[in-house]
Structures are given as structure tokens and as C-alpha cells.
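Engineer: Letter by letter, the chains look like this.
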Amino acid sequence: MRGRQLAALVRKDLRLELRTRETIVAMVLFAIVMLVILEFGLGTRDGDLTRFAGGLMWVTLAFTAVLGVGRSYVAEREQRVLDGLLVAPVPRVVLLGAKAIAILIYMAAVEVVVIPLVGIFFVKGPYWDSIGWIAITALLADVCIALAGTLFSGLALFTRARDLILPVLFLPALVPVVIAGAGATHAVAGGPHDMSEWRGYCLFLAAYAILFALVSVATYDAVFDD
Amino acid sequence: MVTARGLVHAYGERRAVDGVDLDLAPGERVALAGANGAGKSTLLRMLATLVRPKAGTLTVLGHAIPDAARAARTGIGYLAHDPLVYLDLTARQNLELYGDLYGVADRDARITDLLDDVGLAVRAEDTVRTFSRGMAQRLALARMLLHRPRLLLLDEPHASLDAAGADRLDRELDAARDDGRAAVIVTHDVERVARVADRLVVLRAGRVVLDTPMGDLDPMDVRRLYTGVAP
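Chains R and C, in that order, are what the protein sequence lines are.
Okay, so the first sequence: first residue is 1 according to my numbering, each after it adds one.
Okay, so the second sequence: first residue is 1 according to my numbering, each after it adds one.
Note that these hints are calculated values from the structure, not bench results.
Just to be clear, a hint being listed does not mean it is correct.
[Claimed, not checked] Derived, one-sided and incomplete: chain C residues facing chain R with beta-carbon distance under 8 Å: (1) A48; (2) D82; (3) V85.
[Claimed, not checked] Sample of chain R residues lacking proximity to chain C, with all beta carbon distances greater than 10 Å (derived): (4) V33; (5) F40; (6) K124; (7) D194; (8) A207; (9) L211.
Positions of the beta carbon are idealized from the N, C-alpha and C atoms, including for glycine.
Could you put the whole structure together from the sequences, leaning on the hints where they help?
Structural biologist: So this is what it looks like as C-alpha cells:
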């Protein structure tokens, strides 16, 4: 039953996104524009930005995530459907899981564009043979982003100034993700791979994801309680 | 089906529902009336498990609320002011979503029957955004009935239904009486609902001020109780 509910909710979010194309397109465009601005802003001063590439990528992805997470409950809010979901016998953790999976898919779609562009704009030296390691880093970071984003977007849903509250809550929670994501990317991009450093950062991301999963599961019922 | 004792809900300092007792037997259909702000919709949302009581006890379909709210929800059908459907999904996709959320075993056949029943079969593959308000509300009626609920909770259901939709709803409420299902119908139009309700409960300032069988109803009493002023 829970699997059927989860699949139905994810399918619904993807159907809405395929029909409206509002979130992923906006996120991809935002990320590209931000990378271009960073390239023009920094690239002309320092020819080799390799050691900053991870930081630039994860700062870009963090701000892009705020954009996507901010839209995660837009359909329910604007079309006033939330009561329909809440009156159904759906465990709140299934609502959380479905939104988190949708955000994860949106982030992955953005990264398909962003990760190669970072290599083109900012990395001198070996990069493409590191794509697999960076993709694993991105997947772990995306789980953190999706869980934290779903929790905070649920909290912000019931506040008046939700568009202001969400970045204020969400961006600080992303600081460890940006640090670890940038560190892990730096460890494998643009030179000899430092796999022990990469592994350490990835373990940190995994631990952070587990922490947010536990916090979310423990609190999500209360988020949707009156 | 419903047992409420001393239900209270407050928005800040203001008590929207203030010590309400309510019993609902199988097959019983109760009209819930009162002036704007009397607490009708809040009480209905409490029965629908959407609003947690601040005080008092509530049992819905044998399940204590809020502790066993999820079990109660399987048997609740809720028709709100808003149709509670996604505008950018088709009518069928909306019902498929709710069919999966409620675990409806014969989902596709049930959806086809209901869409036909509410007169939306030919628009089944159209997005709800292209529907009129009345059509969206007929889809909401299908959504409410999809999982064969035992308790119907309806918030001003006749307000945006056209004549055919309203007739379909009335037939459902008559069938509910015969099947032993129960219904609570929030309304301002007591005369309209009198045809399908067995009992009238009037709220004023969050309190029950009248609870009477429909047969004993004096319209003047209702008007006086709405406002607290003699007509």
C-alpha cells in the first residue's frame, strides 16, 4: 500500500512537471546563468580556477536547489489540493518520501547539465575521467538536499512569508553539503585523485543524509498536524 | 459512526468550536447550519481529521482521533469548497492518483463507472483546467466516492454543482441512508438540504444551539438561532 501511494505521488509530481515544465527548466536556466556569471566574474582574473571548481559547482547547485525546493508544494498550494492529500490515509512519511524523490530527480536533471559545464568553464587538467566520482558525490549530496528541502518546504508551507522563510531555513542547512560536496569534487577533479579525502567527504554526506532522514521521519507528522 | 464530546478548537484566542457534542448513527444524515463564522467548517474539518481538537474527545468510525486518524481516513469521503484536484492533470489521472492513495482494488473500472455516473466520461482525458467550476465539482464528487467511504463529510456541496450534479449527490445521500452510511452536510440552504437530511444541528459561536429531527423543524426557529435575534 505504501509503495503504491509513494509511486502514485511521485508519478503525479513528474506528470505535472512534464505538462507544465515550470520547475526543471527554470532550475537548469538559473544554474547555467549562474555559472556563466561566475565564469565572467572570476575567469578573467585567474586563468586556472580548478581548485575553486568544486566550490563554484556546489554553490551554484545550492542556490538552484532553493529554487526547486521552493516550488515543490506550489501545485498543492496554488490549486488548493493539500487537504485532498491530507484527508487520504497516506502516512506523512510517504508524502515526505515522494516530494524528496521528485526533488532528487529535478536535481539530477540539473546536474546532467551543470557538471559538464563546470568542467568546461573552470577545470584545467583531467576532469572527464572523474565524472563517475563526481556523480556519486552529487547523488549523495542530492539525497541531503532532497530530505532537508522537503522538510523545510513542508515547514514553510504553513507560514505567511514562506518565500522568505524557506531560504533562511534551508540555505544554512546546506552549508555542510556545500563544504563536503566541494571538498569531494576538489579531491577528484583536475589532478591526481585523492580517494581517501573523497571517501571522507562522501561518508560525511551519507551521515548527513541519514541524520536528515531521521529528523524528517521524526518530525514530518508534526509538520502536517494542525 | 461519530462520537464527539466537548470538542474545542481555537484560532488564537478565538474559539471556533467551543464544547461541541455530536453523535452520528449509521444511516443518519445531519445538516450542519449556522451563520458565517459559527464554526461549521472547522467542525467538519475536525471530523475529517484535518484539524486536531484542542480539547474534548472524538471517535470517527470507531477510531480515536487524532491517535488513529489514518485508520479513520480510509472510510471518510470529504467534499470541500475546493474540488481538491490538480488542474494540470486530466480527470482520469486525478482519480487514478486518489485511487492509489486509498488502495482501491478495482481502480480503473471504478473510475470509468464514476466518470460516467457524474457525466464526465467524454472529458475524462481533458485537464481539469479546461473544466467549468461545476464540472470540477462533479469530478470532486467522483473523487469523494471513489473509495466507497462510510462517512460522507460535505461542505456546502450544492453551492457549485449544477442541477444534474446536485441530483447525483442527492441520490448518493439517499443511498447512504439505505446502506447504513452516514453524512454530515454543512449548509446555509437548510430548505435545500431538508430533502436529504434527517437531522439539523445549528451552531452559533462554536456551540450547538439546536439539534432536532428535520421533521420537527420550524424555519423561524432556525433563523432566530442563526443570529440570536428573534425574527
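Engineer: Each hint needs a verdict: does it hold in this structure or not?
Structural biologist: Hint-by-hint comparison with the structure:
1. A least Cβ separation of about 5 Å between A48/C and chain R falls short of the 8 Å threshold, and the interface hint therefore holds.
2. Interface restraint check: D82/C against chain R, minimum CB-CB distance 4 Å, threshold 8 Å, status holds.
3. Annotation: interface hint on V85/C holds; nearest CB of chain R at approximately 7 Å, less than 8 Å.
4. No beta-carbon of chain C is positioned within 10 Å of the beta-carbon of V33/R; the least distance is around 26 Å.
5. In this structure F40/R is separated from chain C by more than 10 Å, as the shortest Cβ-Cβ distance comes to about 37 Å.
6. Chain C leaves K124/R outside its interface by the beta-carbon criterion, the shortest separation being 45 Å against a cut-off of 10 Å.
7. The non-interface label for D194/R is consistent with chain C: the shortest C-beta to C-beta separation is roughly 47 Å, beyond 10 Å.
8. Every Cβ of chain C is farther than 10 Å from the Cβ of A207/R; the closest lies at roughly 31 Å, confirming the non-interface assignment.
9. With a least CB separation of 26 Å from chain C, L211/R remains clear of the 10 Å interface cut-off, as annotated.
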